[in-house]
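*Asks:* Protein sequences, first through last, are from chains Z and B. Under this note's numbering, think of the first position of the first sequence as 1, with each following residue one higher. Under this note's numbering, think of the first position of the second sequence as 1, with each following residue one higher.
Think of the hints as simulated: they come from the structure by calculation, not from any bench. Treat the hints with caution; some may be incorrect.
Stated by the list, open to error - DSS-like mimics (lysine-lysine), calculated; alpha carbons at most 30 Å apart, straight line: (1) K496(Z) to K525(Z); (2) K234(Z) to K78(B); (3) K37(B) to K246(Z); (4) K404(Z) to K332(B); (5) K81(B) to K350(Z); (6) K241(Z) to K65(B); (7) K459(Z) to K124(B); (8) K227(Z) to K37(B); (9) K332(B) to K234(Z); (10) K187(B) to K227(Z); (11) K187(B) to K234(Z); (12) K113(Z) to K81(B); (13) K483(Z) to K56(B); (14) K246(Z) to K65(B); (15) K128(B) to K78(B); (16) K128(B) to K246(Z).
The residues making up each chain are set out below.
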Amino acid sequence: MMTLEKLQELKEKSRLVLEERLKEEDNTEVKDGNFILKGDYYRKQTRIALRNCEIIRPESIDEYIALDGYTSLGRILTEMKPEDVINTMVESNLRGRGGAGFPAGRKWAEAFKYDSDKKYVICNADEGDPGAFMDRSILEGDPHSVLEGMAIAGYAIGADQGFIYVRAEYPLAVKRLKQAIEQAKEYGLLGNNILGTGFNFDIELRLGAGAFVCGEGTALMESIEGKRGMPRTKIYRTAQKGLWQKPTVINNVETLANVPVIFQRGTEWFRGIGTEKSPGTKVFALVGKVKNAGLVEVPMGMPLREIVFDIGGGVADDKAIKAVQTGGPSGGCIPADLLDTPVDFESLAKIGSIMGSGGMVVMDETDCMVDIARFFLDFTVEESCGKCVPCREGTKRMLELLEKITSGEGTEEDIARMESLADTISSASLCGLGQTAANPVTSTLHYFREEYEAHVNEKKCPAGACQALLEFYITDKCIGCTKCARNCPTSCIDGKLKERHVIDTDRCIKCGNCASVCPVGAVIKR
Amino acid sequence: MIRFIMNGKTIEAEEGMSILEAARENGVNIPTLCHDKELTPFGGCRLCVVEVEGSKNLVASCSAKVREGMVVNTESEKVVKTRRDILDLLYSNHPQDCLTCEKSGECGLQDLCYRYGVKEGSFKGEVKNYAIDSLNPVMERDQSKCILCGKCVRVCSEIQVTSTIDFTGRGFNSKVTTGFDNPIDYKNCRMCGQCITACPTGALINKQLKGVRPWEVTKVRTTCPFCGTGCNFDLNVKDGKVVGVTPNPESPVNGKSLCVKGRYHIDFINSPDRITKPLIKKDGEFVESSWDEAINLVVENLKNTRDQFGGDAIAGLSSARCTNEDNFVFQKMMRVAIGTNNVDHCART
Numbered sequence: 001m002m003t004l005e006k007l008q009e010l011k012e013k014s015r016l017v018l019e020e021r022l023k024e025e026d027n028t029e030v031k032d033g034n035f036i037l038k039g040d041y042y043r044k045q046t047r048i049a050l051r052n053c054e055i056i057r058p059e060s061i062d063e064y065i066a067l068d069g070y071t072s073l074g075r076i077l078t079e080m081k082p083e084d085v086i087n088t089m090v091e092s093n094l095r096g097r098g099g100a101g102f103p104a105g106r107k108w109a110e111a112f113k114y115d116s117d118k119k120y121v122i123c124n125a126d127e128g129d130p131g132a133f134m135d136r137s138i139l140e141g142d143p144h145s146v147l148e149g150m151a152i153a154g155y156a157i158g159a160d161q162g163f164i165y166v167r168a169e170y171p172l173a174v175k176r177l178k179q180a181i182e183q184a185k186e187y188g189l190l191g192n193n194i195l196g197t198g199f200n201f202d203i204e205l206r207l208g209a210g211a212f213v214c215g216e217g218t219a220l221m222e223s224i225e226g227k228r229g230m231p232r233t234k235i236y237r238t239a240q241k242g243l244w245q246k247p248t249v250i251n252n253v254e255t256l257a258n259v260p261v262i263f264q265r266g267t268e269w270f271r272g273i274g275t276e277k278s279p280g281t282k283v284f285a286l287v288g289k290v291k292n293a294g295l296v297e298v299p300m301g302m303p304l305r306e307i308v309f310d311i312g313g314g315v316a317d318d319k320a321i322k323a324v325q326t327g328g329p330s331g332g333c334i335p336a337d338l339l340d341t342p343v344d345f346e347s348l349a350k351i352g353s354i355m356g357s358g359g360m361v362v363m364d365e366t367d368c369m370v371d372i373a374r375f376f377l378d379f380t381v382e383e384s385c386g387k388c389v390p391c392r393e394g395t396k397r398m399l400e401l402l403e404k405i406t407s408g409e410g411t412e413e414d415i416a417r418m419e420s421l422a423d424t425i426s427s428a429s430l431c432g433l434g435q436t437a438a439n440p441v442t443s444t445l446h447y448f449r450e451e452y453e454a455h456v457n458e459k460k461c462p463a464g465a466c467q468a469l470l471e472f473y474i475t476d477k478c479i480g481c482t483k484c485a486r487n488c489p490t491s492c493i494d495g496k497l498k499e500r501h502v503i504d505t506d507r508c509i510k511c512g513n514c515a516s517v518c519p520v521g522a523v524i525k526r
Numbered sequence: 001m002i003r004f005i006m007n008g009k010t011i012e013a014e015e016g017m018s019i020l021e022a023a024r025e026n027g028v029n030i031p032t033l034c035h036d037k038e039l040t041p042f043g044g045c046r047l048c049v050v051e052v053e054g055s056k057n058l059v060a061s062c063s064a065k066v067r068e069g070m071v072v073n074t075e076s077e078k079v080v081k082t083r084r085d086i087l088d089l090l091y092s093n094h095p096q097d098c099l100t101c102e103k104s105g106e107c108g109l110q111d112l113c114y115r116y117g118v119k120e121g122s123f124k125g126e127v128k129n130y131a132i133d134s135l136n137p138v139m140e141r142d143q144s145k146c147i148l149c150g151k152c153v154r155v156c157s158e159i160q161v162t163s164t165i166d167f168t169g170r171g172f173n174s175k176v177t178t179g180f181d182n183p184i185d186y187k188n189c190r191m192c193g194q195c196i197t198a199c200p201t202g203a204l205i206n207k208q209l210k211g212v213r214p215w216e217v218t219k220v221r222t223t224c225p226f227c228g229t230g231c232n233f234d235l236n237v238k239d240g241k242v243v244g245v246t247p248n249p250e251s252p253v254n255g256k257s258l259c260v261k262g263r264y265h266i267d268f269i270n271s272p273d274r275i276t277k278p279l280i281k282k283d284g285e286f287v288e289s290s291w292d293e294a295i296n297l298v299v300e301n302l303k304n305t306r307d308q309f310g311g312d313a314i315a316g317l318s319s320a321r322c323t324n325e326d327n328f329v330f331q332k333m334m335r336v337a338i339g340t341n342n343v344d345h346c347a348r349t
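Chain Z on its own, in the form it takes in the complex (with noise of 0.2 Å):
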């Protein structure tokens, strides 16, 4: 059976391979003790969440041991009350870090108050934002990470039965999972009387089914309990009547994979990272037009300006920079002229964004905010579960508002009728899906109102990317080389060899292709 001493023996052994390991593939480095990754982009950022992602193997549990796996476990469970390890938690103000960022602590601390036969931790996995991946890097990078910090969760509120509910799209990270636990279980750090200690925790995976309302947190219950994904409605808080009505914590990926950290190296110097409301790191998934995408943990309250063009490097092809879209599906964008604001869960709301689960789109002047907006909702109506009437019906009404102007449709009304529906899904829908779902819009209506009204007043989308406002034109720079009006697929570009060409733009269906084939640049979006 795994003891304490034995747990410190294996650390102390893997350890020395671990390091062998390391200097022989030599991309890491070692900074104040710690294993990084080599390379400005890895450099500056503060990696808590992702500390083991890409260093240890994540089939090993040796090398997870290696650095410092499970040790916190083990001195929790040796040293500490339930009450204490609560309190740390608290102290640490580790806030969730899958949207709304309700600290971690007084989840743990609700749950923990109520006396029940059985009680319930789950980890949320079912990552569902367009384009981000933090989670699952996590997941399928460092996976023993979350079963430890679900394991000091199950000892601080009391329960033995844990549930990682993970999305089946991510078959990757499903099987390092699997392979985690029963490696635990067969080291005693999971399943009964773990260490000695008589301490029993298990963990089972329930797999998503594709759901993006699932990862609200009562959707997801209704899931694991086999029924329909489908909100239940907030008579009772979760850490009072969850999973099976049993008291439940439910936390993100990301907070479990800090939470043994927060135990190894002390409350204070957690809260010495980050900003005093949000301290820690948070980790981002960088997309869209920027040079060096990819995931990004930095402390919170770094500028967004930092982020982008310090480890982003910039957006693609030196375009002027347009927004930053944070939050996923239900953030909004924040325009160039506010990217000194600080990321933390503060400075975000207070300009009409979330953080969210960490996703940030770049975006660059040829990004039309109105189809943005849409694009979102698009998201939302599909991803609706279908309960609440301002969800179902209003999303898919605001969506064919947005339709109707980026299509050249619009009128002013459209806009006047878009802003009091968003007020009515944002205060009257029943889960967090519908209450954000009309960020995108009332954000870039904020923001970047000019461009919905050149869309309803003049029928010209400003970016250039609406294709129904949009006609080709060729200029006179055009050399009459004819390479367009053979690549037309409707015929509609009329000219002579070696004479400017025209293009009829009744039959035009802008599909691009002699924008794209044209040597010269002479055919124009306008």
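Based on the hints, put chain B in the right spot on chain Z.
*Replies:* This is chain B only, laid out in the frame that chain Z set:
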């Protein structure tokens, strides 16, 4: 007791009560479409939203408990605007055919649109359009009129415990239907019609009541003649004819619940097959006779049998369709006049 302020007045409510329940007890009419006090709260229609001071969003009063000192406004400008929007959204995705709808006059959606002045569905866009399912004998199911309040789903699973129907699809495309979208009477459904009673709109219609406007009928409360349970309901009488049955929530035994027989049995009342005169078999043929002749024949035969073979040679079977008084008199007759305990009744067990 919890004390709090609703619409400027201090009211008291029991702990654990919802804001909606407290409001209704105090005569404040908060509208709902998905709420039913006999079913678990659903929180889907969002019409019961109210403003609670200190809450960022509006609060669904059906699923929020009263709290000491809370300040609630059930009809503020914001609340009314939101309800109007919700009704507009519902009606925009609903056939605009109230003039010919069977449910007109007792439709929850129509009533609330009237209350909040929603004249038309003002959002012009996609409207759901499903085929009507009416191949079964008892109900017409028009999904296009369904507002997805989920009452039928809950009554089917929580009261009838059959779970024949549930939500399928997602978002705008979600609908309430049976497994694999089969016709309603394909397998599990017991045709009890509980869902018809629960439905606030014209999505589920009792076929017997088609063509009958709700205001044309007189309701006569009676007891079901079918079994010994003694359910009450209202016979709907139009032009002196019973045209259908609707449950009466005041019924002490069954409340709003009815079974397939209770709800749909009335077709025998005016059936041409019904026997209204006594028939006596003469030379192998049933022949109409007078009541006197028939009763005399029965008396004579009973007497003869009793005198010749004794009272125990006769057995009496009574019916649950008779009243208690009839059944009492019948068993008395068997025991005293015939002299036997051979008397039984189909609903005895």
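*Asks:* Each hint: holds or not?
*Replies:* Tested hints:
In summary, the hint linking K496(Z) to K525(Z) is supported, as the alpha carbons are separated by about 22 Å, within the 30 Å threshold. Between the alpha carbons of K234(Z) and K78(B) the distance comes to roughly 21 Å, so the proposed pair stays at or under 30 Å and holds. Straight-line distance between C-alpha atoms of K37(B) and K246(Z) comes to about 24 Å, which keeps the hinted pair within the 30 Å bound. Proximity of K404(Z) to K332(B) is assessed by CA-CA distance (about 81 Å); at most 30 Å being required, the pair is judged violated.
A C-alpha spacing of about 26 Å is found between K81(B) and K350(Z), which places the hinted pair at or below 30 Å, so the restraint holds. For the proposed pair K241(Z) and K65(B), the alpha carbon gap of about 15 Å is at most 30 Å, so the pair holds. Distance hint between K459(Z) and K124(B) is fulfilled; the C-alpha atoms sit about 21 Å from each other, no more than 30 Å. Distance hint between K227(Z) and K37(B) is fulfilled; the C-alpha atoms sit about 23 Å from each other, no more than 30 Å.
For the proposed pair K332(B) and K234(Z), the alpha carbon gap of about 60 Å is over 30 Å, so the pair is violated. In summary, the hint linking K187(B) to K227(Z) is supported, as the alpha carbons are separated by about 21 Å, within the 30 Å threshold. Taking the CA atoms of K187(B) and K234(Z), the gap is about 35 Å. The hint is violated against a cut of 30 Å. With a C-alpha separation of about 40 Å, the suggested pairing of K113(Z) with K81(B) is violated against the 30 Å cut-off.
In summary, the hint linking K483(Z) to K56(B) is not supported, as the alpha carbons are separated by about 60 Å, beyond the 30 Å threshold. For the hint linking K246(Z) to K65(B), the alpha-carbon distance of about 19 Å falls within 30 Å, and the restraint holds. Proximity of K128(B) to K78(B) is assessed by CA-CA distance (about 29 Å); at most 30 Å being required, the pair is judged to hold. Only pairs whose Cα atoms come within 30 Å are accepted, and K128(B) paired with K246(Z) is rejected, the gap being roughly 39 Å.
In the structure shown, a violation is registered for the earlier hints numbered 4, 9, 11, 12, 13, 16, in ascending order.
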